[in-house]
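Asks: Going down the list, the sequences are from chains A and B.
Sequential numbering of the first sequence, starting at 1, is according to the working numbering.
Sequential numbering of the second sequence, starting at 1, is according to the working numbering.
Be careful, since some hints might not be right.
Claimed, not checked - Derived CB-CB ranges, DEER-like:
{"no.": "1", "chain 1": "A", "residue 1": "Arg109", "chain 2": "B", "residue 2": "Glu85", "range": "44 to 54 Å"}
{"no.": "2", "chain 1": "B", "residue 1": "Gly40", "chain 2": "A", "residue 2": "Ala14", "range": "39 to 49 Å"}
{"no.": "3", "chain 1": "B", "residue 1": "Gly102", "chain 2": "A", "residue 2": "Asp9", "range": "22 to 32 Å"}
{"no.": "4", "chain 1": "B", "residue 1": "Met15", "chain 2": "A", "residue 2": "Gly16", "range": "31 to 41 Å"}
{"no.": "5", "chain 1": "A", "residue 1": "Glu66", "chain 2": "B", "residue 2": "Val24", "range": "29 to 39 Å"}
{"no.": "6", "chain 1": "B", "residue 1": "Val12", "chain 2": "A", "residue 2": "Thr20", "range": "14 to 24 Å"}
{"no.": "7", "chain 1": "B", "residue 1": "Glu85", "chain 2": "A", "residue 2": "Asp9", "range": "14 to 24 Å"}
{"no.": "8", "chain 1": "A", "residue 1": "Glu8", "chain 2": "B", "residue 2": "His10", "range": "25 to 35 Å"}
FYI, nobody ran anything at the bench for these hints, they're computed from the structure.
C-beta: ideal position from N, C-alpha, C; glycine also.
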Amino acid sequence: AQSVAQPEDQVNVAEGNPLTVKCTYSVSGNPYLFWYVQYPNRGLQFLLKYITGDNLVKGSYGFEAEFNKSQTSFHLKKPSALVSDSALYFCAVRDINRDDKIIFGKGTRLHILP
Amino acid sequence: EPEVTQTPSHQVTQMGQEVILRCVPISNHLYFYWYRQILGQKVEFLVSFYNNEISEKSEIFDDQFSVERPDGSNFTLKIRSTKLEDSAMYFCASSDGQINSGNTIYFGEGSWLTVV
Numbered sequence: 001a002q003s004v005a006q007p008e009d010q011v012n013v014a015e016g017n018p019l020t021v022k023c024t025y026s027v028s029g030n031p032y033l034f035w036y037v038q039y040p041n042r043g044l045q046f047l048l049k050y051i052t053g054d055n056l057v058k059g060s061y062g063f064e065a066e067f068n069k070s071q072t073s074f075h076l077k078k079p080s081a082l083v084s085d086s087a088l089y090f091c092a093v094r095d096i097n098r099d100d101k102i103i104f105g106k107g108t109r110l111h112i113l114p
Numbered sequence: 001e002p003e004v005t006q007t008p009s010h011q012v013t014q015m016g017q018e019v020i021l022r023c024v025p026i027s028n029h030l031y032f033y034w035y036r037q038i039l040g041q042k043v044e045f046l047v048s049f050y051n052n053e054i055s056e057k058s059e060i061f062d063d064q065f066s067v068e069r070p071d072g073s074n075f076t077l078k079i080r081s082t083k084l085e086d087s088a089m090y091f092c093a094s095s096d097g098q099i100n101s102g103n104t105i106y107f108g109e110g111s112w113l114t115v116v
């Protein structure tokens, strides 16, 4: 079955430092991978996705993610964290058995320290 | 930028009551979804809807749940007889094509349902 794992419940980063939020996937076939962010009391906002092509994907708010097939990972990164990046981040993968469904990881809470 | 909008943002209901959560998907989108997130837990798929019928539903989506697209713009989730364990944030979402074609699902702000 398709799944994504987010090994960290929480990540703390000092403002201005680079940040990484980890995601690994388990998929048979070509993975379509997504990152979403949930700010406090808000909905899920799409950040970026990997479908095919360049392994480094750029998204909203200065975020990027690197698809690594050998390590089955799709870590979310940003070169310089902002306090406003503090939120809950979800990695997701398409369900290859369905054309129209994605499966979410459990989420990682990112806390940027001023 | 087009958005998925949901109402109400928060609803408190008594156990056993019927609840209808409403959503207006992005206007040119064809695929519609409901997901839910119980407090502190992961976001779970409930149902997908395309061409006026359910495409897929999860085991959570039992006979107490139903979806409807009553007109050209709204997409509703009905819970017929709410239980305490239905308390969750319910997210509506839409996409303009299939995920397998590289399309993206866009989510609304959510409707927070509290069953007491």
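Asks: Are the hints correct? Go through all of them and say.
Replies: Do the hints match the structure? See the list:
1. A:Arg109 / B:Glu85: 44 to 54 Å: Violated - the Cβ-Cβ distance for A:Arg109 and B:Glu85, about 24 Å, lies outside 44 to 54 Å.
2. B:Gly40 / A:Ala14: 39 to 49 Å: Roughly 26 Å apart at Cβ, these two residues miss the hinted range, so it is violated.
3. B:Gly102 / A:Asp9: 22 to 32 Å: About 31 Å separates the Cβ atoms of B:Gly102 and A:Asp9, which means 22 to 32 Å holds.
4. B:Met15 / A:Gly16: 31 to 41 Å: violated, 49 Å
5. A:Glu66 / B:Val24: 29 to 39 Å: Because 36 Å falls inside the window, the suggested range holds.
6. B:Val12 / A:Thr20: 14 to 24 Å: violated, 39 Å
7. B:Glu85 / A:Asp9: 14 to 24 Å: Distance hint for B:Glu85, A:Asp9 holds at roughly 23 Å.
8. A:Glu8 / B:His10: 25 to 35 Å: holds, 30 Å
Comparing the model with each numbered hint stated earlier shows that hints 1, 2, 4 and 6 do not hold.
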